[in-house]
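Peer 1: One letter stands for each residue in the lines below.
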Amino acid sequence: MMQWLYKLGSPRHFYEMTTGFLPWLAGATFLLLGIGLVWGLGFAPPDYQMGDNFRIIYIHVPTATGAIWIYAMMAAMAAMHLVWNLKVADMVAKSCGIVGTSFCAIALFTGAFWGKPTWGTYWIWDAKLTSFLILLFVYIGVMALRSAFDSETSASKAASVLTLVGVVNLPIIYYAAVWWNTLHQGPSVLGDRDASANPPEIWIPAFFSGFGLIGLLFLIVILHTRNEILYRERRAQWVQELLTREPIHA
Amino acid sequence: MPEFQFEGVADFFAMGGHAYFVWMSYGFFFVVLAFNLWLPRHQRFRLLRLLRARQTRQARSESPPPARAAAPETTPSPGA
Chain A
0 MMQWLYKLGS PRHFYEMTTG FLPWLAGATF LLLGIGLVWG LGFAPPDYQM GDNFRIIYIH
60 VPTATGAIWI YAMMAAMAAM HLVWNLKVAD MVAKSCGIVG TSFCAIALFT GAFWGKPTWG
120 TYWIWDAKLT SFLILLFVYI GVMALRSAFD SETSASKAAS VLTLVGVVNL PIIYYAAVWW
180 NTLHQGPSVL GDRDASANPP EIWIPAFFSG FGLIGLLFLI VILHTRNEIL YRERRAQWVQ
240 ELLTREPIHA
Chain B
0 MPEFQFEGVA DFFAMGGHAY FVWMSYGFFF VVLAFNLWLP RHQRFRLLRL LRARQTRQAR
60 SESPPPARAA APETTPSPGA
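Protein chains in written order, with numbering that gives the first Met the number 0: chain A, 0 to 249; chain B, 0 to 79.
Honestly, the hints are just simulated from the structure, not real lab data.
From the three backbone atoms N, C-alpha and C, an ideal C-beta is built for every residue, glycine too.
Incorrect hints may appear among the rest.
Here are some of the chain A residues that sit facing chain B, going by a computed Cβ distance under 10 angstroms [stated by the list, open to error]:
id	residue
1	Thr-17
2	Thr-18
3	Phe-53
4	Lys-86
5	Gly-110
6	Ala-111
7	Leu-128
8	Asn-180
9	Pro-204
10	Leu-212
11	Ile-213
So here's chain B without its partners, still in its complex pose:
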């Protein structure tokens, strides 16, 4: 069975004097991979929202428009 190679937490984080290099490497690794896992989920969320909005828009345009009193013609007038 492999044994824990360090004497306590502080010794583990010190990495035998190589803390800066080891933790910079692992830090970059985790940040980049976290971004890679976040990105497709974020894009999926956006895509589904977009496609759903399009679906409801289409459903509305395909069904007959609700009867509605003719809206008064509005023309933008200067100074209004």
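Chain A on its own, in the form it takes in the complex:
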């Protein structure tokens, strides 16, 4: 296990290990996501109050949760980069930027289109919504800061520090609906018919789409990281050899 982790820390091994792993990850991701969305959109029973409008849940909840967790991963990578000067960690952190921003944007957008028919408004300055909007700005801020430096080393350092500062926002988002009385509801308890308002017919498809979207997150982050590795290691012998044999669009 340690050996495996140690190898992942080397850009070359990260690249070579993910080469064989990517098709499997992509296959599992699209299978789970396909099942989850078809089931959620067509086969889950409509909510007794919201009708078919609740079907937005199958993308809203996983993208919102994903945006928070990918930020946590980005922060862990930033810490590893600062403490051990691990190059791969910084490349992964950089690769989280666009997909994290995208998940944030999807969660806010779908939330607005769920809020309108349910709460009567697209947007309200409620603690949960506002702290989530701040997460979007932090993502954009980290990417902007990184691109503001000419030196790659300074860019990585600055982005890592800002990423770690932004972590304070995560528990605020997570507990906003618990600490304050917000319009946004708290997390629903999952369980059987007696323990929860949400019966299994409703939450099982959410598990499929949830795991599918986690797979998609990793897929996109790995694809970006592989590009970053090729770019930063462009002078290394193994990249030079890879250039001569790999088909250009693989």
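Chain A is already provided as a structure; the job is to place chain B on it using the hints.
Peer 2: Chain B in isolation, oriented as in the chain A frame:
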């Protein structure tokens, strides 16, 4: 086994009167994710092309230049 909740395709797209909100949400979701899947592939394509061009340039500069007749000196002259 879960049952299909709608009576036909039109009923499915109507989403019980919530079509606008449901399909706007799903539409945005698909567009953004499609962009996220397209972007790294596009960048990889560009990067590989760039690195390959650099490789051939380097290979050319490292091998001895081919013997060639001295080109005549060209100086840009006004009006030429």
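Peer 1: Hint by hint, say whether it matches the structure.
Peer 2: Taking the hints in turn, this is what the structure says about them:
1. Thr-17: At about 12 angstroms, which exceeds the 10 angstroms cut-off, the nearest Cβ of chain B leaves the hint on Thr-17 of chain A violated.
2. Thr-18: violated, 12 angstroms
3. Phe-53: holds, 9 angstroms
4. Lys-86: Since chain B brings no Cβ nearer than about 17 angstroms to Lys-86 of chain A, farther than 10 angstroms, the hint is violated.
5. Gly-110: holds, 9 angstroms
6. Ala-111: holds, 9 angstroms
7. Leu-128: violated, 16 angstroms
8. Asn-180: This hint is violated: Asn-180 of chain A lies away from chain B, its Cβ roughly 25 angstroms from the closest one there, beyond 10 angstroms.
9. Pro-204: holds, 8 angstroms
10. Leu-212: holds, 9 angstroms
11. Ile-213: violated, 13 angstroms
In this structure, the earlier hints numbered 1, 2, 4, 7, 8 and 11 are contradicted, and the remaining ones agree with it.
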